[in-house]
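Asks: Each chain, written out:
There are 2 protein chains.
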Amino acid sequence: MKKIYVGMLGCGTVGTGVAKILIRRKALIESRLGASLILKRIADIDIQRDRNIFFDEGVLTTDAQKVVDDPLIDIVVEMIGGVGVAKDLILKAIRNGKQIVTANKALLAVHGPELFKASEANHADLAFEASVGGCMPIIKSLRESLIANQIMEMTGILNGTCNFILSKITADNSTFHEALAIAQAKGFAETDPALDVGGFDTAHKLAILSALAYGTEINYNDIYIEGITLITPLDIVFAREFGYKIKLLAISKNRGDTADVRVHPAMIPFDNLLSEINGSLNAIKVVGDAVGDIILYGHGAGMMPTASAVISDIVDLARNLLTGATGRIPALSFQTNAIKKIPVLPIDKIRTHYYFRFAAIDQPGVLSKIAGVLGDHNISIKSVHQKGRKSEGAVPVVMLTHIAQEASVKKALAEISALEIVSGKPVLIRIEDKNGEDDNQVRKPV
Amino acid sequence: MKKIYVGMLGCGTVGTGVAKILIRRKALIESRLGASLILKRIADIDIQRDRNIFFDEGVLTTDAQKVVDDPLIDIVVEMIGGVGVAKDLILKAIRNGKQIVTANKALLAVHGPELFKASEANHADLAFEASVGGCMPIIKSLRESLIANQIMEMTGILNGTCNFILSKITADNSTFHEALAIAQAKGFAETDPALDVGGFDTAHKLAILSALAYGTEINYNDIYIEGITLITPLDIVFAREFGYKIKLLAISKNRGDTADVRVHPAMIPFDNLLSEINGSLNAIKVVGDAVGDIILYGHGAGMMPTASAVISDIVDLARNLLTGATGRIPALSFQTNAIKKIPVLPIDKIRTHYYFRFAAIDQPGVLSKIAGVLGDHNISIKSVHQKGRKSEGAVPVVMLTHIAQEASVKKALAEISALEIVSGKPVLIRIEDKNGEDDNQVRKPV
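Going down the list, the protein sequences come from chains D and V.
Residue 419 in the working numbering sits at position 419 of the first sequence, and the numbers go up by one each step.
Residue 246 in the working numbering sits at position 246 of the second sequence, and the numbers go up by one each step.
One or more of the hints may lead you astray.
Here are the simulated BS3-like cross-link-like pairs (lysine-lysine), alpha carbons at most 27 Å apart as the crow flies [said to hold, decoys possible]:
1. D:LYS340 / V:LYS20
2. V:LYS434 / D:LYS26
3. V:LYS117 / D:LYS3
4. D:LYS285 / V:LYS434
5. D:LYS20 / V:LYS117
So the derived label-pair ranges between C-beta atoms look like this [to be verified]:
6. D:LEU322 / V:ASP192: 53 to 59 Å
7. V:ASP192 / D:LYS410: 56 to 62 Å
8. V:ARG240 / D:ARG240: 20 to 26 Å
Covered stretches of chain V, going by a simulated chain D footprint (3 or more residues, C-beta under 8 Å) [to be verified]:
9. 45-54
10. 183-197
11. 221-228
12. 293-301
13. 411-419
Simulated from the structure, these hints should not be mistaken for lab results.
Cβ coordinates follow ideal geometry from the N, Cα and C atoms, glycine included.
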């Protein structure tokens with residue numbers, strides 16, 4: 001049986017899962033691949049830690065160069081994470097003729113163009129299924145299964161930590177900080193949760209998906225990112241009364257000459273299946289012009305689900321090596337000469353439905369003053385709730401709007417904040433409703 | 001730009017969709033594939049019908065041999081359906097060195113082994129993504145994305161017609177025949193709906209999925225199949241009261257030495273996402289030992305969604321041709337020499353939860369008599385409802401059981417039917433509950 005040699009950089013949680021599957025599911029993989037995957041060398045700064053795996057002598061090393069420089073190794077799996085040493089090692093491995101598998105979304109979101117250019121120049125494959133959505137085959141679906149489609153839209157719950165926290169606040173009426181503490185205690189959230197709860201991890205993933213879907217380079221820094229730290233149980237309760245759940249959404253819409261790409265908490269109606277995705281699970285809805293809606297759902301993180309995606313990439317690249325088909329599919333789904341530069345729509349220009357909550361003095365005329373300012377900015381109110389719940393001496397006034405433009409909304413909210421009858425900063429949550437205005441300029445039937 | 005020539009056998013609904021995408025999305029496909037797909041010839045018995053596509057002269061023919069014998073054609077797409085002429089044409093095309101794409105689940109379920117043997121002997125690819133689940137990439141997911149997993153279980157809603165009918169009965173309290181008539185009027189159901197409502201189409205699909213998932217040959221005739229024709233609004237109402245919805249399920253469980261593969265209406269709890277799949281949509285849940293649960297959801301039928309899956313296969317095979325990698329992935333997911341014969345568990349041997357409905361005379365002692373017979377057969381009752389709803393002079397007595405064996409259940413129901421206090425045939429609906437007994441013998445952590 002032919003042998004394909006695998007080297008791994010970093011052996012943390014997911015790397016350990018990859019090693020376990022390669023060693024303990026060797027026969028299963030061989031029965032499918034028709035060749036043997038040999039885990040030849042693993043570099044990690046900590047080679048003493050008990051990983052509950054038996055490694056042959058000489059497999060573990062602290063010297064990453066022994067992986068990228070080993071002439072026998074065919075495929076290098078980068079499991080270090082971060083945008084520092086991982087990048088240099090991948091570039092060296094590519095120059096040394098290796099095929100690359102990585103799950104490093106931050107690296108791809110920030111340095112993707114450089115890495116993909118290097119891999120293409122060296123006729124190397126660079127696979128990254130595990131970088132988005134854990135075990136959900138979203139990369140493969142975009143690059144292969146949906147190839148007949150113009151992708152119109154993607155909406156995803158792509159960060160299990162945020163979804164766990166929001167589900168917890170929703171279920172138990174706990175505060176953000178209480179829910180975060182539980183997530184940390186359960187091991188769902190990092191000690192420094194900023195990358196997750198700030199929405200940045202979700203944005204890294206969305207940058208990758210948008211590039212693949214539309215055939216464009218997406219500048220990560222152009223993506224509007226808003227995290228979940230300011231979400232309160234009060235807004236979750238109001239959302240429910242209006243028939244919505246609050247989720248941290250990755251939103252990407254193909255508008256032809258621009259791409260509307262953003263990450264923020266959003267209200268979604270109960271009859272949207274994404275509203276049913278609770279706990280640390282992930283899901284993504286993709287709308288294609290031929291397929292309509294498809295949804296993928298599964299564990300977006302965790303040792304074994306993510307390792308499963310890494311192995312699927314290793315096997316894909318092994319199959320290319322075995323048949324001499326390296327480079328069979330362009331890494332970014334489109335031929336390099338077909339990749340366009342589609343600008344990201346600035347957040348001020350988006351048009352959507354909004355939820356506002358104001359803390360207002362409980363006296364007659366308040367509503368008319370607020371509504372007056374909104375009217376001045378062409379923002380039309382769909383419904384109002386003013387239930388007299390006392391919070392910090394003021395009454396919450398809650399409003400849903402018809403479609404409005406973000407720039408006008410910001411101006412109106414600034415004016416309303418300045419009114420004496422309103423205290424504190426108004427709360428703004430965008431609504432992703434299916435009966436929204438269809439701004440999509442490329443949706444033409446085949 | 002390199003050219004790959006495509007020939008098509010049959011140009012009905014899906015075939016027309018395939019032609020539309022190949023012609024109208026030519027530039028999009030080229031920008032991803034890096035080569036041109038040329039639709040060279042289409043054979044259909046009706047070449048006069050207006051398909052709303054402009055075909056070049058000579059593309060349409062009534063002679064199928066002109067497709068399979070054309071030396072220039074690389075890929076033959078079989079869109080005829082059925083198990084007759086389609087099989088002969090595919091075998092001839094394979095012998096002529098063509099690559100094959102088909103969506104013909106009936107053919108694959110019944111003659112799969114012969115076709116796959118022929119394609120392997122001729123080093124030809126035979127792709128069939130569109131045969132199951134329309135646009136959902138379930139075949140690719142099983143063959144590629146989940147390769148690191150032992151597949152433990154699959155549960156699917158795989159027939160849009162049945163799901164539409166059951167959703168309609170659930171929403172409107174209509175009878176099966178009323179709902180079927182609406183499905184037919186809307187074009188969701190064939191004039192002869194037996195293949196769909198009898199569960200046979202679902203079983204064809206499940207046979208294919210089970211073979212791919214477990215690496216086994218599944219004899220379609222061994223699959224227990226029960227359709228939806230006997231489902232009544234009354235049972236749907238009772239199901240709802242117990243917290244369940246009724247769906248036609250494709251169920252496949254890997255028990256190591258046997259495979260529990262069956263198609264029948266089943267009650268599933270509200271918190272199972274599959275219970276939310278309504279109308280003509282399809283969904284499938286796959287449980288793998290590494291990934292846990294993943295769910296795919298989308299349009300399981302229809303011109304464009306199915307055509308999208310066919311095109312993804314055409315592009316896959318074109319990529320293999322362009323890189324000389326034909327045969328890159330074994331058609332049945334496992335290497336031929338690794339395929340085992342796992343017998344299908346006879347339905348009498350399954351163990352699950354049950355719902356029974358008896359039409360009983362409304363008098364004291366009835367319940368004790370029925371319960372007595374069940375007890376004699378080791379069937380333990382979990383809950384009973386006897387609400388005094390009059391139906392044809394008798395009162396419906398409804399019971400849910402703990403885990404019981406099908407053989408015992410059948411004997412008990414036969415005895416209960418014979419009681420004078422019971423009229424008509426008892427209704428039996430199996431329950432797929434997540435808190436069921438775990439008979440799975442292969443579920444070991446990696």
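Asks: Taking the hints in turn, state whether each one holds.
Replies: Going through the hints against the structure:
{"no.": "1", "hint": "D:LYS340 / V:LYS20", "result": "holds (25 Å)"}
{"no.": "2", "hint": "V:LYS434 / D:LYS26", "result": "violated (30 Å)"}
{"no.": "3", "hint": "V:LYS117 / D:LYS3", "result": "holds (26 Å)"}
{"no.": "4", "hint": "D:LYS285 / V:LYS434", "result": "holds (25 Å)"}
{"no.": "5", "hint": "D:LYS20 / V:LYS117", "result": "violated (34 Å)"}
{"no.": "6", "hint": "D:LEU322 / V:ASP192: 53 to 59 Å", "result": "violated (46 Å)"}
{"no.": "7", "hint": "V:ASP192 / D:LYS410: 56 to 62 Å", "result": "holds (60 Å)"}
{"no.": "8", "hint": "V:ARG240 / D:ARG240: 20 to 26 Å", "result": "holds (22 Å)"}
{"no.": "9", "hint": "45-54", "result": "violated (count 0)"}
{"no.": "10", "hint": "183-197", "result": "violated (count 0)"}
{"no.": "11", "hint": "221-228", "result": "violated (count 0)"}
{"no.": "12", "hint": "293-301", "result": "holds (count 7)"}
{"no.": "13", "hint": "411-419", "result": "violated (count 0)"}
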